[in-house]
Each structure stands twice: as structure tokens, then as C-alpha cells.
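Visitor: Chain by chain, the residues:
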Amino acid sequence: MRIVAADTGGAVLDESLQPIGLISTVAVLVEKPYNTAKEFLVKFSDPYNYDLSGRQAILDEINLAIELAKRTKPDVVHLDSTLGGIEVRKLDEPTIEALSISDKGKEVWKDLSKDVQPLAKKFWEETGIEILAIGKSSVPVRIAEIYSGIFSVKWAIEEVKKGHKDHLIIGLPRYMGVEIRDGKITGRTLDPREGNLYGEISIEVPNNIKWEVYPNPLVRRFHIFEIWGEY
Amino acid sequence: MRIVAADTGGAVLDESLQPIGLISTVAVLVEKPYNTAKEFLVKFSDPYNYDLSGRQAILDEINLAIELAKRTKPDVVHLDSTLGGIEVRKLDEPTIEALSISDKGKEVWKDLSKDVQPLAKKFWEETGIEILAIGKSSVPVRIAEIYSGIFSVKWAIEEVKKGHKDHLIIGLPRYMGVEIRDGKITGRTLDPREGNLYGEISIEVPNNIKWEVYPNPLVRRFHIFEIWGEY
Amino acid sequence: MRIVAADTGGAVLDESLQPIGLISTVAVLVEKPYNTAKEFLVKFSDPYNYDLSGRQAILDEINLAIELAKRTKPDVVHLDSTLGGIEVRKLDEPTIEALSISDKGKEVWKDLSKDVQPLAKKFWEETGIEILAIGKSSVPVRIAEIYSGIFSVKWAIEEVKKGHKDHLIIGLPRYMGVEIRDGKITGRTLDPREGNLYGEISIEVPNNIKWEVYPNPLVRRFHIFEIWGEY
Numbered sequence: 001m002r003i004v005a006a007d008t009g010g011a012v013l014d015e016s017l018q019p020i021g022l023i024s025t026v027a028v029l030v031e032k033p034y035n036t037a038k039e040f041l042v043k044f045s046d047p048y049n050y051d052l053s054g055r056q057a058i059l060d061e062i063n064l065a066i067e068l069a070k071r072t073k074p075d076v077v078h079l080d081s082t083l084g085g086i087e088v089r090k091l092d093e094p095t096i097e098a099l100s101i102s103d104k105g106k107e108v109w110k111d112l113s114k115d116v117q118p119l120a121k122k123f124w125e126e127t128g129i130e131i132l133a134i135g136k137s138s139v140p141v142r143i144a145e146i147y148s149g150i151f152s153v154k155w156a157i158e159e160v161k162k163g164h165k166d167h168l169i170i171g172l173p174r175y176m177g178v179e180i181r182d183g184k185i186t187g188r189t190l191d192p193r194e195g196n197l198y199g200e201i202s203i204e205v206p207n208n209i210k211w212e213v214y215p216n217p218l219v220r221r222f223h224i225f226e227i228w229g230e231y
Numbered sequence: 001m002r003i004v005a006a007d008t009g010g011a012v013l014d015e016s017l018q019p020i021g022l023i024s025t026v027a028v029l030v031e032k033p034y035n036t037a038k039e040f041l042v043k044f045s046d047p048y049n050y051d052l053s054g055r056q057a058i059l060d061e062i063n064l065a066i067e068l069a070k071r072t073k074p075d076v077v078h079l080d081s082t083l084g085g086i087e088v089r090k091l092d093e094p095t096i097e098a099l100s101i102s103d104k105g106k107e108v109w110k111d112l113s114k115d116v117q118p119l120a121k122k123f124w125e126e127t128g129i130e131i132l133a134i135g136k137s138s139v140p141v142r143i144a145e146i147y148s149g150i151f152s153v154k155w156a157i158e159e160v161k162k163g164h165k166d167h168l169i170i171g172l173p174r175y176m177g178v179e180i181r182d183g184k185i186t187g188r189t190l191d192p193r194e195g196n197l198y199g200e201i202s203i204e205v206p207n208n209i210k211w212e213v214y215p216n217p218l219v220r221r222f223h224i225f226e227i228w229g230e231y
Numbered sequence: 001m002r003i004v005a006a007d008t009g010g011a012v013l014d015e016s017l018q019p020i021g022l023i024s025t026v027a028v029l030v031e032k033p034y035n036t037a038k039e040f041l042v043k044f045s046d047p048y049n050y051d052l053s054g055r056q057a058i059l060d061e062i063n064l065a066i067e068l069a070k071r072t073k074p075d076v077v078h079l080d081s082t083l084g085g086i087e088v089r090k091l092d093e094p095t096i097e098a099l100s101i102s103d104k105g106k107e108v109w110k111d112l113s114k115d116v117q118p119l120a121k122k123f124w125e126e127t128g129i130e131i132l133a134i135g136k137s138s139v140p141v142r143i144a145e146i147y148s149g150i151f152s153v154k155w156a157i158e159e160v161k162k163g164h165k166d167h168l169i170i171g172l173p174r175y176m177g178v179e180i181r182d183g184k185i186t187g188r189t190l191d192p193r194e195g196n197l198y199g200e201i202s203i204e205v206p207n208n209i210k211w212e213v214y215p216n217p218l219v220r221r222f223h224i225f226e227i228w229g230e231y
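These protein sequence lines are chains U, E and D, in that order.
The numbering of the first sequence is the UniProt record's numbering, which starts it at 1 and goes up by one.
The numbering of the second sequence is the UniProt record's numbering, which starts it at 1 and goes up by one.
The numbering of the third sequence is the UniProt record's numbering, which starts it at 1 and goes up by one.
Do not rely on the hints blindly, as some may be mistaken.
Said to hold, decoys possible - Here are the simulated PhoX-like cross-link-like pairs (lysine-lysine), alpha carbons at most 25 Å apart as the crow flies: (1) E:Lys106 - D:Lys104; (2) D:Lys165 - U:Lys165; (3) E:Lys184 - E:Lys161; (4) D:Lys165 - U:Lys136; (5) D:Lys38 - U:Lys210; (6) U:Lys32 - E:Lys210; (7) D:Lys114 - D:Lys104; (8) D:Lys165 - E:Lys32; (9) U:Lys136 - E:Lys136; (10) U:Lys104 - D:Lys106; (11) E:Lys136 - D:Lys165; (12) U:Lys38 - E:Lys210; (13) E:Lys32 - D:Lys104; (14) U:Lys122 - U:Lys161; (15) U:Lys184 - U:Lys161.
These are computed hints drawn from the structure, not numbers from a lab.
Note that the structure is a prediction, hence the values are computed from the model and not measured.
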């Protein structure tokens, strides 16, 4: 099975470790044995001017997933919305009303579906590929989440390299670890129940840039990547 | 403490990774230090003709547990039904009505208890041993679950050896890994919080049989054992 | 960020592995990289005469946390009560009524807040330091929990050394492991998603004292420390 999935993650935190905005949306193509991405696309957001409602994230995810799926022709597309695996093209008002989610979730989705349902329907009509709101149950969504953490680390490194910032605190997606070594950023799930899910991208880090990874003291099972320049 | 527990698991999956039916019910005897089975009994089902309601599984589990308990005389028997550890012989209608489970669960148990309550009552009258519906909280039930995965792998190997199938996709119980080496199938929990829970049985695997273990992409934290013959 | 947190844990179990009472309350000071305690205070309870309602535990925790915080001047204090991180000094009746917790939890807190709210208010007025009911989300609370397990092991060793008991069964806090080696008791989380959270204290164990750590068969993911003297 060949699956495209998308997710958004990695947050700039302020000095009191509160999130300011999210950093990167990643779409991945995952194939057997389903433990890393075969291909990926990334879109960076401006975390300092971010729509924290999650609305922009979902639109970015579906658009980026469709872009990758058009090129790679997977069997199915997975989005990080936990609606029981329903086909997004079928998300009309009565269907959303019948979902076993909170009333608040229903309002959000009735509004969101105006944008995403037509995108999914058009993509399905053109390609026959379904876009499923499977969320937490999907391994490819988790792999996309891990890549969003890796690209958020890369973004932070570039910001410091370019001199835009001399210090950044990044909140990584849930229980993932990050290592930077031999010209690579590697991100791995810290949950062995998931199997050895990981991702890897290239990076150049100058010697005067330092970093540290440690638990977020305010949110158990989430970790922080902190980076700074030494001049 | 000496505990007998039973559970059912391991599923034949179709090519789209949907479950067709469950494979094996296992009863185990577990003693201190409570990390593997001292004795076990297995009953294989026909996964291609399976009662997916779960009714048959529970009947098989209680019968197999009683069979092992008659021989080994444990202190208590644990079943994989999460009803707060209640004694199964006491499961009459008013008691079920008072349980803090869903209305649907109550209907299922009112029906099921007609069969299992008399079995538990008779066994208790004969032996003084209680059968508890403890479910997810029990370590011996988890060990029985791991063995059901191991025996499902053994079943798949035998099916391919006998030429009944040349390819099988088995869904393993939640977060367990499987290794085949030196004439043994070893299954282990992938959740270190549970401690080092494992099971092991003997097996002969001819050289022309190949296998692979990888994450189930559709159900995070569950893994797949895929096996095929090379001719 | 410098955080003081407190928690209570470690239980004496009877031969059927049922809890008799809790053993130790620990306050910890945690600083970056937030994986162990920089300082700690411990208060032992009498597990054979224990208030199992949890009321005494919360009072002990807030008092011990305040004692450590007066000396170490942290940025904030975390208590092991999962009320969404609310400031304890603000816990009046209308605020408790508005919390999204169970009705039973509201009754307990309306009663408890009569004692703890004035303590938190007075401490805040004197020092400006907030005491937050953050509970499960806090890493320092988890570190305090691990230390409560370590000190419960120490308590058990001392009881056997002094000849008060020749055999004790201790229920450790959730998914933590314990090792005794080279004059040290080390406790570690068994959940790698939390990162490498641990604690360590000194101990002298005579050669005639033996112990074993194994899963609690009745409560999955909890482990037992059993200790006995050999004479």
C-alpha cells in the first residue's frame, strides 16, 4: 500500500514555554515497511503570525498532500483529523452532524468542510484517490508529524545561521527525539510501541551554533529543541 | 500468586489490511515474577469463518481457562473482559445493569452471561477458584494476548508449510513484536512500561519460507507479520 | 525555569497485593534540563494508619512544596492535582464549580480548598510565587513521583534493617523501575516518551537483605519491590 499523509507541527515557544505559532507542514509518501518517508514536501509558515485555530493548518495539509499525491499516485491520502477514517469528499452537514465528535468539533468541521470538501471531491473525481480523515490511527500521519518536527529544527537552524535570531526555543511534536550528526537531522519516535518510525534530512550546522534537547517541563512527553549562536 | 488467564488474538488480514477473523485463543498459567507463562493451552479457530461479535472468543477463553485451571489449581482466573474485576459467577442482570459500562456493553453481557455465568459458578462451586472479569488491568491477560500472537504466527507458518496458503498477512495483538530464530518464535511487548513480558514456543521453518514484521499503517501501535513461500 | 513540585507515592501492599497505605511525600526542585531533582525534601507517613481519601496526601504535598520553595525561591510550584493548571490560591467555590472535572471531584475540592487555598494565597502574598494544580502534565510532578518511589524503597530497606519487618511488598508508582547498586537506589521512568527522567539517593544494604522487582500482576504497568531478610 502506498499512502500520502500530511501533518503540521513544531512550534516556536516564548521564554515561558507558551506556543507562539507552528512552523512547518509536511506531506510524506510512505510505502512498505511503513517506517519512514520515501518522498516529502514541506511548506513553512510564519510562526510569528499564525492562525492558532488550526484552520490554516488543515488547509495547508490537504493542499500539500494533494500536490504530492498528484505526482506520486498513492492508493490513498491520510489527513491528521481524527474523524474515524471518513472520506473527506463526503463531509457534508448531515454527515458531520452524525459523527461522534464534540459539538464544538462539529461546528469547526461544518465551517472547514466548505473549503476542504470541494478540494477532496475534485481530487477524487480527477484521480479516484480517496482522502481520509483518519488522524491518530494512521502511521503515515505520525511519520508526517515526525518530519514536521525535523523541518522545524531545520528552520530554527537556518534562522540562527542567517542571523534572524540568536536564540530559539522550539516545541517538538509529541514524544519525538532529535539528533544532529554527520550533516543530518534525524528525528525518531520515542514510543517503541509505534515501531522504529523515523525521518532524516541533510543540514549544515556551523560550529558556533549550539543546541540542546530536553523535556518540556510543562507538557509531559513533549520535548524542546533549544538553539543559540555563540559569537 | 498463581494466576490462569486467557485471551484471543492474531487476525488474518485481507490485502487491504482489514481483519477477516481471529486465529488463536490461549490460556496461560503465570507465576511470580509474572513476566511469561509457566504453562499454556491453545485452541485455534477458523479465521475464514469467524464470529466477529466476540461472543465465541469469550466462550472459548472461559472454557480454555477452566481446562487449564482444573489441572493447575491457580489462586484465581483472569478473563479479558474489562468489567472492573467483578466475579463472573455473580454476573446476573441487576449486577450487569449496575456496571459502569456502555448500554451496548450491558446488552452484550446480559446475553453472554447466560452462558458464562453458569460455567463460572459451577467451577467456583467445585474448586473455590474465582473467575474475574479484570481485562486490561491484568498482566497475565496481557501475557495470554502475547501468546495468542505467537501462536497465530505459528499457525501462519504451518499453513504455508502445508501448502494451504502461499501468502498470509497476520495482524498481531497490540504493540507486540515477533522474532523467529534458532527454532523459536519469541513474542515480546513493545511497551517497556509493562516490564519485559514475553513468550516463546518452538517452531521449524523451512528455508523457502520468508517473513517480515512491520507497522500496520492503518492502526498505529499494531504490527503485521507477513509470510510467503518462495518456490 | 526553576520549578518546585510535590507528589506522594509508594504503597505497602498486603499478601494479596492490595494497598494498605502510602509511604512517602517528596518535594523536588527541578531545573533545566528537567530530568532529575536538584534538591528534595521527604516526609514519611505511617502506611499502616493512612488516610486513603487522598486528603492528607494533598496537604502534605502543599506543605512540603512550600517548605522547599521558601528556601529555593522557584519560579512556580506544581502540585499533583490535575485541574488544568489553575492557580490554587484562586480555588473558591464558583471556580471549582466551573472546572471540567467530575461532580465527585468538585465536592472533594470544595472541601479540600478550605485548607489549601489559604496556604497558597498566603504563600503567594509573601513571595509572589504561584502554586499550580497542573498534575499529570508536569514533568517535575513526575520526577517527584519517581522520588516518592525511591524513598519508599529506602523506607522498606530501613524497616527490614531495623528488624521492624522481615518481609515487605511495596507497590511502586506507575511505570517506574528501581535498581540498587554501589550504595545507591536509582529509580527511572519506564516510559521512554517522557525522556530519561530519574532520581538517585544513597543507601547501605547489608548482605542478608534480598529484594526483587517484578510487574504487579493485578495492575498493568505498575511494578512491585519486594524485600526480605535472610537470617
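Visitor: Does the structure break any of the earlier hints, and which numbers would those be?
Guide: 2, 4, 11, 13 and 14
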